[in-house]
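Engineer: Residue numbers -19 to -1, 1 to 367, in mature numbering (1 follows the signal peptide of the UniProt record, and there is no 0), belong to the letters of the sequence shown in order.
A portion of the hints provided could be inaccurate.
Derived DEER-like restraints, expressed as beta-carbon distance ranges [as the list claims (entries may be wrong)]: (1) ILE337 / ASN107: 46 to 54 Å; (2) ILE334 / GLN275: 32 to 40 Å; (3) PRO231 / ASP284: 37 to 45 Å; (4) ARG239 / GLU64: 31 to 39 Å; (5) SER79 / ALA130: 21 to 29 Å; (6) LYS264 / THR205: 27 to 35 Å; (7) ASP232 / GLN275: 19 to 27 Å.
Just so you know, the hints here were simulated from the structure itself, not pulled from any lab data. Backbone N, C-alpha and C fix where the C-beta goes; we use that ideal spot for every residue, glycine too.
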Amino acid sequence: MKYLLLFLCGVLLSGSTRSQFPFRGAKHDSFDWRLFQTVAKTSTYQNVAISTFSIKLLLSLLSDAADSYTKQQLASVLPTIDEQFYKNVIQSLEQKNSNFEINVGSKVYADASLSPAPTFVEIATNRYHANVDRVKFSNAKETASEINAWVSKLTNGAIKELVEPENVKDYVALLVNVIYFKGTWEKLFPDDDTFPGRFRVNAAREVKTPLMSLEDTFYYLDSTDLGAKLLRLPYKGGKYAMTIILPHNPDGLADLIRNFNPNTLQQLQLKMTEKKVNIELPKFSFKSSLSLKQDLIALGLGDIFTRKAQLPGLGQDLEISDVIQKAGVIVDEKGTEIEAASGVSIGNRFGSIAEIFRATHPFLFLLEDETTGAPLFIGTVADPTA
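Generate coordinates for the entire structure from the input sequences, incorporating the hints supplied.
Structural biologist: Structure, rendered in structure tokens:
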């Protein structure tokens, strides 16, 4: 049996100017949240960052190489969307802007022994902007070096080694998607206002960590129904924003994730209004590597990891071994980097009393493309020092 591996990697980096009205269109579909909930369930007290968009894109690309049975199983879990969806989102992500840097790329590495179908190559190129490159996996060192060089270039060196020679020698095909985002906060956290603080990881453990501090106007909501506060931190350029969801209960992150869904998110974001907010937010930086095979099996995709799966668009007798995502996140006073100018306060229009948003216990965050509604990254910060 020949093996195929799906690799996804994301890098997020952050930073800020004036407040933009939040995106009011279609938001996340159920797949995003079902997958994130499944991953988060096994990651208690761990920092997690996942690009559900990347996973959907590669699984959709895989579906276009599949036979009718495998395609049907993927369709039972993936959202039903227009075939131009990924093309439109990728084109949106590829738009250049001096206010932020975002790189997105997909590749299909096919062994020289395979003969990918011309129709699949055309779909991969036109619909997903994914080149199909022929390599010799038997030349493991050379092939791993080629793959890692491409990933390192897209992530500005944040992820230098996606694959290792001893691993790639067992594969005949590799599907890779990379997203790298580096943005500057619209409203910068002043360096001088960052102070030594404490973060409650759980009932038995607190850690010392730098806390960024800022008071300004942001879209904000304190939801008693959800039992959490929502804060929207826009990036300079008006296209991307990070939403931070902080449970009222310091030990409430697991319940928050379990009870959350895309409809809840959209309804709450529609209720967010501009308020003066006093923010304390930890600086955090972490990398994660996730094997998603068991999570996808839990969602109903068990057969794609067996010999029942057929991928004639790529070749015969292929078996998917795993879906792996590597991601990194850096959030500081200037903004965000994901591997993934000061604003003017409107002042008394919002009253002199500021809402308090102290993110000093575990919370959830989302990075969204507000022009398309696509969630680029979803994650949790359980320990900013980890």
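Engineer: State for each hint whether it applies.
Structural biologist: The hints, checked one at a time:
no. : hint                        : in the structure
1   : ILE337 / ASN107: 46 to 54 Å : holds, 50 Å
2   : ILE334 / GLN275: 32 to 40 Å : violated, 48 Å
3   : PRO231 / ASP284: 37 to 45 Å : holds, 41 Å
4   : ARG239 / GLU64: 31 to 39 Å  : holds, 33 Å
5   : SER79 / ALA130: 21 to 29 Å  : holds, 26 Å
6   : LYS264 / THR205: 27 to 35 Å : holds, 30 Å
7   : ASP232 / GLN275: 19 to 27 Å : holds, 26 Å
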